[in-house]
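Participant: Protein chains in written order, with the numbering used here: chain A, 10 to 114; chain B, 25 to 119.
For the record, the hints were derived by calculation from the structure and aren't laboratory data.
Ideal Cβ placement from N, Cα and C applies to all residues, glycine included.
Hints should not be assumed to be uniformly reliable.
To be verified - Dumping the calculated DSS-like pairs for lysine-lysine here, alpha-carbon to alpha-carbon at most 30 Å:
no., chain 1, residue 1, chain 2, residue 2
1, B, Lys61, A, Lys26
2, A, Lys32, B, Lys39
3, B, Lys94, A, Lys26
4, A, Lys32, B, Lys94
5, A, Lys26, B, Lys47
6, B, Lys119, B, Lys61
7, A, Lys26, B, Lys39
8, A, Lys32, B, Lys119
9, B, Lys39, B, Lys94
Claimed, not checked - Sample of chain B residues at the chain A side, in silico, Cβ under 7 Å:
no., residue
10, Asp57
11, Phe81
12, Val107
13, Leu110
Claimed, not checked - Listed next, the stretches of chain B that the computed footprint assigns to chain A, with coverage defined by at least 3 CB atoms under 8 Å from CB atoms of chain A:
no., stretch
14, 61-71
15, 91-105
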Amino acid sequence: MFFGKVIGNVVSVIKHKDYYGLKLLLVQPVYPSGAPWQDPLICVDIVDAGIGETIIYLDEGNSARQLLGLEPDGPVRPVIVAVVDEIRWRDDEGMLHHRVPPHEQ
Amino acid sequence: MQLGRVIGTVVATQKHEALQGVKLLIVQPLLPDGNPKGRPVVAVDGTAQAGPGELIFMIGGREGSLVLEKHFTPVDQGIVGIVEELYVAVDAIPK
Numbered sequence: 010m011f012f013g014k015v016i017g018n019v020v021s022v023i024k025h026k027d028y029y030g031l032k033l034l035l036v037q038p039v040y041p042s043g044a045p046w047q048d049p050l051i052c053v054d055i056v057d058a059g060i061g062e063t064i065i066y067l068d069e070g071n072s073a074r075q076l077l078g079l080e081p082d083g084p085v086r087p088v089i090v091a092v093v094d095e096i097r098w099r100d101d102e103g104m105l106h107h108r109v110p111p112h113e114q
Numbered sequence: 025m026q027l028g029r030v031i032g033t034v035v036a037t038q039k040h041e042a043l044q045g046v047k048l049l050i051v052q053p054l055l056p057d058g059n060p061k062g063r064p065v066v067a068v069d070g071t072a073q074a075g076p077g078e079l080i081f082m083i084g085g086r087e088g089s090l091v092l093e094k095h096f097t098p099v100d101q102g103i104v105g106i107v108e109e110l111y112v113a114v115d116a117i118p119k
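Can you make the complete structure from the sequences, with help from the hints?
Facilitator: Take a look at the structure:
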């Protein structure tokens with residue numbers, strides 16, 4: 010699972026049948042500090058996340074299919090599974106950090 | 025899943041039998057701001073309705089081949105949807 014920040018949403022009408030009714034959000038992968046880490050990606054949301062929120066997403070096909078109740082041939086992989094309230098971590102220098110990501114932009 | 029713009033089509037006569045009858049499209053991967061990211065790739069169309077000029081989103085890896093009816097096709101990018109509307113909150117992008 011990875012940290013990400015929701016930066017937008019995607020509306021699609023014509024799509025693969027396994028995506029019908031799913032909410033798609035644009036996610037910027039971030040470090041625990043909130044700094045960007047990789048190129049943004051599109052994730053399926055099952056926890057009512059919103060724009061500006063820090064989230065945890067997973068990028069693994071079998072977990073995604075189980076969470077969404079799809080058959081073993083469902084072409085879905087990135088799924089948002091949690092909205093983050095608070096992060097505590099120790100950096101490379103051994104310093105303890107604490108961050109409470111805001112729920113708005 | 026990544027955003028991309030369909031920029032062309034591919035015709036191939038000699039191909040793996042699992043790719044018979046499959047629509048191949050050339051896609052330029054995009055960042056959310058619309059700028060291209062990396063080289064164009066060839067993707068299969070899981071929506072059956074994507075065409076040149078359209079903004080789409082696609083999935084890579086094993087799931088790319090799962091957009092097709094036939095499984096275990098030799099594919100690494102599959103188009104799963106056509107983007108109708110894209111909203112990017114510029115203020116929310118971390119720096």
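Participant: Against this structure, judge whether each hint is valid.
Facilitator: For each hint, the structure was consulted:
no.: 1; hint: B:Lys61 with A:Lys26; verdict: holds, 28 Å
no.: 2; hint: A:Lys32 with B:Lys39; verdict: violated, 36 Å
no.: 3; hint: B:Lys94 with A:Lys26; verdict: holds, 15 Å
no.: 4; hint: A:Lys32 with B:Lys94; verdict: holds, 26 Å
no.: 5; hint: A:Lys26 with B:Lys47; verdict: holds, 17 Å
no.: 6; hint: B:Lys119 with B:Lys61; verdict: holds, 18 Å
no.: 7; hint: A:Lys26 with B:Lys39; verdict: holds, 27 Å
no.: 8; hint: A:Lys32 with B:Lys119; verdict: holds, 25 Å
no.: 9; hint: B:Lys39 with B:Lys94; verdict: holds, 15 Å
no.: 10; hint: Asp57; verdict: violated, 9 Å
no.: 11; hint: Phe81; verdict: holds, 5 Å
no.: 12; hint: Val107; verdict: holds, 6 Å
no.: 13; hint: Leu110; verdict: holds, 6 Å
no.: 14; hint: 61-71; verdict: holds (count 3)
no.: 15; hint: 91-105; verdict: holds (count 5)
In terms of the numbered hints stated before, the structure departs from hints 2 and 10, listed from lowest to highest.
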